[in-house]
Each structure stands twice: as structure tokens, then as C-alpha cells.
Amino acid sequence: MVGCMDVRNAAALEAWIFDFDARHPIDLLIANAGVASTLRSSDDWEGAGRTAEVVDINLYGALHAVLPAIERMRNRRRGQIAIVSSLAGLRGMAISPAYCVSKAALVAYCDSVRPVLARDHIGISVVMPGFVRTAMSDVFPGNKPFMWSAEKAALFIKRRLTRRRVEIAFPFSLTLGLKLLRLLPATVADAILGLLFQIPRRNM
Numbered sequence: 001m002v003g004c005m006d007v008r009n010a011a012a013l014e015a016w017i018f019d020f021d022a023r024h025p026i027d028l029l030i031a032n033a034g035v036a037s038t039l040r041s042s043d044d045w046e047g048a049g050r051t052a053e054v055v056d057i058n059l060y061g062a063l064h065a066v067l068p069a070i071e072r073m074r075n076r077r078r079g080q081i082a083i084v085s086s087l088a089g090l091r092g093m094a095i096s097p098a099y100c101v102s103k104a105a106l107v108a109y110c111d112s113v114r115p116v117l118a119r120d121h122i123g124i125s126v127v128m129p130g131f132v133r134t135a136m137s138d139v140f141p142g143n144k145p146f147m148w149s150a151e152k153a154a155l156f157i158k159r160r161l162t163r164r165r166v167e168i169a170f171p172f173s174l175t176l177g178l179k180l181l182r183l184l185p186a187t188v189a190d191a192i193l194g195l196l197f198q199i200p201r202r203n204m
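Those letters in the sequence shown? Residues 1 to 204, by the working numbering.
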């Protein structure tokens, strides 16, 4: 059973998930809605339109899939949810403000509902990849340290979902680095990230 729709259309996605679940009760739902947005130069800015588009797809698009599935899983008192966020959700970067805020919100959502869903025997995992070699990462203008292939990332995620890990973050070195950055003064962390992920200079 395959459906093709705009994840921003909450009613259509809910109807499709309810229909699918009625035929094939969902054991595991993976919400992986995502588009990238980066500043193209130092004089670029993500205005209201660009920001809303990214948040509508990355945040609300994921929730539009997750919420109806959770409703059915709570009735059955079992199930597993995985929401694909990003390591960018751990610490905002000047090169991609809207993307970072949308992914950070997904991390916060998983943390918030995890204890509630656990009462109904539903597990929820937040997946936080670093750079994965895909068409979306190809357009990222900055450095892409410790990049993984899509195949390696998929296998890593699958193995940890099988173990019902609540946080699936990779690669380890980049995950650790970003978590440590949060312990530093904000201006110091900003400077480090500015060196790693430089915004392209404005065109003269």
C-alpha cells in the first residue's frame, strides 16, 4: 500500500494512516520528513516564507504522520515511533537557522512525550544523523565532516531501533563534539561553529 501526498496536509495524511492501520496495524512508524535550507551568502536571510516552509515540512510534516499513528498505538497499548531529527537539533548553526530550529523542536517533542507514551508500552526514538551522502547533503555549502553513506546510516539506525534505543545519534565524534559545545559559553561555541561551517561570502 503506497500513498503520495503533501505531508503538510494533516487531514489527508491522517486519513491515509488510519486507512493503512486498519488494514495493517502499524508496529513501527518512521517519520522522516525533511527539506534543507541554508544561507547562500553572508547577506542572505531566511525570511518568514522560507522559515515557514522548512518548519511546516520538517516539524509539522513529521507530527502529522506521528500523531495519528500514536492515537492508534495507544488504543492497542503497543508500538514504536522513530522521528528523524538531526545533529543540527543539538545546537543551532548560523548557516541554517530554520533547519536547526525545526530539528531541535523534534528532539524536544520526543523528550516530552516519551514518559507519557511509555505508560502505554509505546517506545519513541529520536534519530539524529550527522552528514549522510544524499542529494540533500550535496547542496550543503559548508564542510561535511565524518560523512556516512546512506547504506551505513540505514543499517546503524535499523540495529538501534531493534534495540529500542531512545536516542540514535551518529557519528559518535560529531555527536560528542556538539554536546560538548553546549557546555561552552555561547560566543565561544559560535566562533567554533563559524570556523567549521562558514557562510559563503557575499557576491561582490
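Since the hints were made in silico from the structure, they are not lab data. All of these numbers come straight from a predicted model, not from anything done at the bench. Errors might be hidden in some of the hints.
Unchecked claim - Distance condition first, Cα-Cα at most 20 Å in a straight line; then the derived SDA-like pairs of lysine to any residue:
#	residue 1	residue 2
1	Lys158	Val107
2	Lys179	Ala189
3	Lys144	Thr162
4	Lys158	Gln80
5	Lys158	Ala189
6	Lys179	Lys158
7	Lys179	Arg50
8	Lys144	Ala154
9	Lys158	Ala94
10	Lys179	Asn143
11	Lys144	Gln80
12	Lys179	Thr162
13	Lys144	Ser173
14	Lys144	Val166
15	Lys179	Phe146
16	Lys144	Pro171
17	Lys158	Gly92
18	Lys144	Phe156
19	Lys158	Asn143
20	Lys144	Leu181
21	Lys144	Asp111
22	Lys158	Tyr60
23	Lys179	Leu195
24	Lys144	Arg133
25	Lys158	Leu39
26	Lys179	Val101
27	Lys152	Thr175
28	Lys158	Leu181
29	Lys144	Arg159
30	Lys152	Asp138
31	Lys179	Asp111
32	Lys179	Asp190
33	Lys144	Lys158
34	Lys144	Pro97
35	Lys158	Phe170
36	Lys158	Thr134
Cross-check of the supplied hints:
no.: 1; hint: Lys158 with Val107; verdict: holds, 19 Å
no.: 2; hint: Lys179 with Ala189; verdict: holds, 11 Å
no.: 3; hint: Lys144 with Thr162; verdict: violated, 28 Å
no.: 4; hint: Lys158 with Gln80; verdict: holds, 13 Å
no.: 5; hint: Lys158 with Ala189; verdict: violated, 32 Å
no.: 6; hint: Lys179 with Lys158; verdict: violated, 23 Å
no.: 7; hint: Lys179 with Arg50; verdict: violated, 28 Å
no.: 8; hint: Lys144 with Ala154; verdict: holds, 18 Å
no.: 9; hint: Lys158 with Ala94; verdict: violated, 31 Å
no.: 10; hint: Lys179 with Asn143; verdict: holds, 19 Å
no.: 11; hint: Lys144 with Gln80; verdict: violated, 31 Å
no.: 12; hint: Lys179 with Thr162; verdict: violated, 25 Å
no.: 13; hint: Lys144 with Ser173; verdict: holds, 13 Å
no.: 14; hint: Lys144 with Val166; verdict: violated, 25 Å
no.: 15; hint: Lys179 with Phe146; verdict: holds, 16 Å
no.: 16; hint: Lys144 with Pro171; verdict: holds, 12 Å
no.: 17; hint: Lys158 with Gly92; verdict: violated, 27 Å
no.: 18; hint: Lys144 with Phe156; verdict: holds, 19 Å
no.: 19; hint: Lys158 with Asn143; verdict: violated, 27 Å
no.: 20; hint: Lys144 with Leu181; verdict: holds, 17 Å
no.: 21; hint: Lys144 with Asp111; verdict: violated, 27 Å
no.: 22; hint: Lys158 with Tyr60; verdict: violated, 24 Å
no.: 23; hint: Lys179 with Leu195; verdict: holds, 17 Å
no.: 24; hint: Lys144 with Arg133; verdict: holds, 9 Å
no.: 25; hint: Lys158 with Leu39; verdict: violated, 32 Å
no.: 26; hint: Lys179 with Val101; verdict: holds, 16 Å
no.: 27; hint: Lys152 with Thr175; verdict: holds, 16 Å
no.: 28; hint: Lys158 with Leu181; verdict: violated, 28 Å
no.: 29; hint: Lys144 with Arg159; verdict: violated, 24 Å
no.: 30; hint: Lys152 with Asp138; verdict: holds, 17 Å
no.: 31; hint: Lys179 with Asp111; verdict: holds, 16 Å
no.: 32; hint: Lys179 with Asp190; verdict: holds, 14 Å
no.: 33; hint: Lys144 with Lys158; verdict: violated, 23 Å
no.: 34; hint: Lys144 with Pro97; verdict: holds, 17 Å
no.: 35; hint: Lys158 with Phe170; verdict: holds, 13 Å
no.: 36; hint: Lys158 with Thr134; verdict: holds, 18 Å
In this structure, the earlier hints numbered 3, 5, 6, 7, 9, 11, 12, 14, 17, 19, 21, 22, 25, 28, 29 and 33 are contradicted, and the remaining ones agree with it.
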